[in-house]
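Engineer: Please work from the sequences and hints to get the whole structure.
These are the residues of each chain, in order.
There are 2 protein chains.
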Amino acid sequence: MTDITRQLARFVARTSLADIPEPVRREGVRAFHNWLGCAFGGAREPPVTTALAAIREMEMPAQATVLGHDLRVDLQNAALLNCMASSLNAFDDTHLASVTHPTGPVAAAILALAEGRRVSGADFLLALILGIEVECRLANVLTLPPARGNVGFYMTGLVGGIGAAVATGKLLGLDEQRMIWALGIAASHASGFREAHATMSLGYVPGHAARTGLFAAQFAAKGFTNSEVALEGPKGFANVFADPPNLAAAVDGLGQRFEVMANAYKPYPCGIVIHPQIDACLEIAGTPGFDATNIERVELTVEPLTLTLCDRPEPQNAMQAVVSLYHWVAAALLYRKAGLDEGVDARVRDPAMIAMRRRIKVVADPSLAREEAKATVIFKDGSARSSHVVQCRGSLTRQLTDAELQEKFLAQAVRSIPAAQAARVAELCWKLPALDDVGKQIGAALAP
Amino acid sequence: MTDITRQLARFVARTSLADIPEPVRREGVRAFHNWLGCAFGGAREPPVTTALAAIREMEMPAQATVLGHDLRVDLQNAALLNCMASSLNAFDDTHLASVTHPTGPVAAAILALAEGRRVSGADFLLALILGIEVECRLANVLTLPPARGNVGFYMTGLVGGIGAAVATGKLLGLDEQRMIWALGIAASHASGFREAHATMSLGYVPGHAARTGLFAAQFAAKGFTNSEVALEGPKGFANVFADPPNLAAAVDGLGQRFEVMANAYKPYPCGIVIHPQIDACLEIAGTPGFDATNIERVELTVEPLTLTLCDRPEPQNAMQAVVSLYHWVAAALLYRKAGLDEGVDARVRDPAMIAMRRRIKVVADPSLAREEAKATVIFKDGSARSSHVVQCRGSLTRQLTDAELQEKFLAQAVRSIPAAQAARVAELCWKLPALDDVGKQIGAALAP
Numbered sequence: 001m002t003d004i005t006r007q008l009a010r011f012v013a014r015t016s017l018a019d020i021p022e023p024v025r026r027e028g029v030r031a032f033h034n035w036l037g038c039a040f041g042g043a044r045e046p047p048v049t050t051a052l053a054a055i056r057e058m059e060m061p062a063q064a065t066v067l068g069h070d071l072r073v074d075l076q077n078a079a080l081l082n083c084m085a086s087s088l089n090a091f092d093d094t095h096l097a098s099v100t101h102p103t104g105p106v107a108a109a110i111l112a113l114a115e116g117r118r119v120s121g122a123d124f125l126l127a128l129i130l131g132i133e134v135e136c137r138l139a140n141v142l143t144l145p146p147a148r149g150n151v152g153f154y155m156t157g158l159v160g161g162i163g164a165a166v167a168t169g170k171l172l173g174l175d176e177q178r179m180i181w182a183l184g185i186a187a188s189h190a191s192g193f194r195e196a197h198a199t200m201s202l203g204y205v206p207g208h209a210a211r212t213g214l215f216a217a218q219f220a221a222k223g224f225t226n227s228e229v230a231l232e233g234p235k236g237f238a239n240v241f242a243d244p245p246n247l248a249a250a251v252d253g254l255g256q257r258f259e260v261m262a263n264a265y266k267p268y269p270c271g272i273v274i275h276p277q278i279d280a281c282l283e284i285a286g287t288p289g290f291d292a293t294n295i296e297r298v299e300l301t302v303e304p305l306t307l308t309l310c311d312r313p314e315p316q317n318a319m320q321a322v323v324s325l326y327h328w329v330a331a332a333l334l335y336r337k338a339g340l341d342e343g344v345d346a347r348v349r350d351p352a353m354i355a356m357r358r359r360i361k362v363v364a365d366p367s368l369a370r371e372e373a374k375a376t377v378i379f380k381d382g383s384a385r386s387s388h389v390v391q392c393r394g395s396l397t398r399q400l401t402d403a404e405l406q407e408k409f410l411a412q413a414v415r416s417i418p419a420a421q422a423a424r425v426a427e428l429c430w431k432l433p434a435l436d437d438v439g440k441q442i443g444a445a446l447a448p
Numbered sequence: 001m002t003d004i005t006r007q008l009a010r011f012v013a014r015t016s017l018a019d020i021p022e023p024v025r026r027e028g029v030r031a032f033h034n035w036l037g038c039a040f041g042g043a044r045e046p047p048v049t050t051a052l053a054a055i056r057e058m059e060m061p062a063q064a065t066v067l068g069h070d071l072r073v074d075l076q077n078a079a080l081l082n083c084m085a086s087s088l089n090a091f092d093d094t095h096l097a098s099v100t101h102p103t104g105p106v107a108a109a110i111l112a113l114a115e116g117r118r119v120s121g122a123d124f125l126l127a128l129i130l131g132i133e134v135e136c137r138l139a140n141v142l143t144l145p146p147a148r149g150n151v152g153f154y155m156t157g158l159v160g161g162i163g164a165a166v167a168t169g170k171l172l173g174l175d176e177q178r179m180i181w182a183l184g185i186a187a188s189h190a191s192g193f194r195e196a197h198a199t200m201s202l203g204y205v206p207g208h209a210a211r212t213g214l215f216a217a218q219f220a221a222k223g224f225t226n227s228e229v230a231l232e233g234p235k236g237f238a239n240v241f242a243d244p245p246n247l248a249a250a251v252d253g254l255g256q257r258f259e260v261m262a263n264a265y266k267p268y269p270c271g272i273v274i275h276p277q278i279d280a281c282l283e284i285a286g287t288p289g290f291d292a293t294n295i296e297r298v299e300l301t302v303e304p305l306t307l308t309l310c311d312r313p314e315p316q317n318a319m320q321a322v323v324s325l326y327h328w329v330a331a332a333l334l335y336r337k338a339g340l341d342e343g344v345d346a347r348v349r350d351p352a353m354i355a356m357r358r359r360i361k362v363v364a365d366p367s368l369a370r371e372e373a374k375a376t377v378i379f380k381d382g383s384a385r386s387s388h389v390v391q392c393r394g395s396l397t398r399q400l401t402d403a404e405l406q407e408k409f410l411a412q413a414v415r416s417i418p419a420a421q422a423a424r425v426a427e428l429c430w431k432l433p434a435l436d437d438v439g440k441q442i443g444a445a446l447a448p
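Protein chains in written order, with the working numbering: chain A, 1 to 448; chain B, 1 to 448.
Check each hint, because a few of them may be wrong.
Put simply, identical chains are the same to the list, so a pair is met inside one copy or across any two.
Unchecked claim - Okay, derived cross-link-like pairs now, DMTMM-like style, lysine to aspartate or glutamate, Cα gap no bigger than 25 Å in a straight line:
hint	residue 1	residue 2
1	K222	D345
2	K222	D70
3	K222	E57
4	K361	D291
Everything labelled a hint here was simulated from the structure, so no lab data went into it. All values derive from a computational prediction rather than experimental measurement.
Structural biologist: Take a look at the structure:
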């Protein structure tokens, strides 16, 4: 496979919204709506306020809004903070095939950009869809068989900045050649590994992608050069991050099939590989006569990636709980809910939760699908209740409805802005394709 | 090997200049002097002026000087630009064991920082030496046997930001815990691959490391958290970039042996693996009666890495020539010199050079050392002259002298600042350990 970089750049430079099928546009709107809610959901959390303390000292120019704060900073740091906010509760979207969280880096970069220039909703939506498209295709290059990468890399960190550069570059009107350079510069920033999950840096890696992707497009716009084969060259992106890569995945069906259609929205604010187990345990907890205080032990059968990513039996705080299978299974059984309120420090340290987490035994079974889980709860009297979830909520065949997305949005947004304002900005999201000026119309509603 | 991250953080937080042996301090001064000259040498080149065009549009605050320009930008972008300037002619220093160019990211970050606060020369030198130390040790983790990494990664991009974070963090007074986080945040930015060599992005990758390493320390200073085992954890830095890594190399002899002593300064502005061949051909070209116009062909025997990194037979411009073995061998034979003037576009496109490059045949021989080369020039009359270089100029046993470094500095600095100013700032570099305020004293001489 040659000229992957050029093919992608040409596709991005030449595609207009008329080339995007209506269902794909609709999914782009849903992705943006889901993203913005998640950004408000995390905007007041300690990682953001700590980062803000550092950024305020840098005395940056007031160019774009920090969501949920009455404050503007420079474009790059606004992109960083707003993407970070959307990622840190692990409630953002997931491109399931590659476990990439695609919308954050792309949306945060172009929303910051749109505050400083007139960008129509149609152009914004097109840029968003194209950014997600290239981002997810490159994630496929690193993950779809026969590709073999290192699971330690944080996929959103590897591809998110490239998506941000594509979307920013589209709005800046880059031609094919400059788009090639934007792809290369952004790829040269690809970074981040999973060891920092469960710390403030969980959301930082996607945020860094948003910031640096925006920057890459700004450099390319001025004619800053990079390789013509940055993505596919022997010492380029695909070959350093996968051995072998699946280069065909970058361009097969380009413009025909859109990756945003394979993007899912989470019903629960935690690692997506935990979701089938939550469904199973909520189902058991909802059966008549269920009493969590009588549980003797819990036996889970999970798809192996669940343990690879979320085998954290004793989380110490909310950040660690986000990627703890045990925490969320225990929460589902004890509280019969699995929302943001069930992930806070007080819940993580609740003695009843600690005791429940220790009753959980997990077995990995490669015959299970990613969306599948089996759970059995054995009670002290020897009785048992089981659940077998084949397709968890939020998976592609059980996507959240628009109404569910709206509920998710409002529940998160009120953590940062008044309820009436939350409703107004949600409405603007649904109307995205018709907006005249995204920065003026949505931008005005971002601060409390 | 456990607690690598903590051991390194503790070492950095606790070490004072009194713990650094005098020869190591002296080498730190030489490294800084060599770096600053290289930064002036590249400051007016197109990659810097193109990047400046993009950065000027960002309307950043005037916090630190862009070397060689009458302009100040924010700290991060000053670090980016000044490191980029020092790297783009490939004239900067090289940690030979790992082919890292260590001083650029570290020096550019702390020089920018020092312009905004009082930093003594002694503190600056200590921070510089510690930054280089951690940076090169982590490069060793990825390269020294049994470590196996991917040669496509650009080592300075992987470790340079960590060095910059260490040095910045030392000047910001980070304690052990915050230094751990600074290491982790900086490691999460580790990025860059060699496909973009021979483009403007050659210097951009180290520059990005300088910028983001500085940023990492500023975040950690505010308490922004990362993993406690970011470097050694199973999904951390060492394990994603090498399989296996050599973790012992991070801490063996820490505080006893200093990596800056294994750092070399280039006599020629090109890929360091080309240097032994340049020496060999300069030697042949210097023999009595040598006439380049009579050359029939040139036969080179090289260490294999030379071809891995610099097998570029037909460079099209100065940026490609930097990493072209053929270009510099041809230049040594045709011009009997190999300086900045021999690397410009006009030389690359000189028909005599093009013809000479095509006469060169190369064989890789794994029995050769990195510093070794064999060259034979066969003339049209059938006669031949040979040279066998065992230790090339600039290698550790043939380090450039202070006088040679001074000559190299001045030749580069006059490309950006007046000669008298160049001499003055070179003098300040040699006096670094005694300076009261690096930002005021050296900073005042950075702009033309």
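Engineer: None of the hints should be skipped; say for each whether it holds.
Structural biologist: Consistency of the hints with the structure:
no.	hint	in the structure
1	K222 / D345	between (47 Å within a copy, 21 Å between copies)
2	K222 / D70	between (32 Å within a copy, 20 Å between copies)
3	K222 / E57	between (29 Å within a copy, 10 Å between copies)
4	K361 / D291	within (19 Å within a copy, 81 Å between copies)
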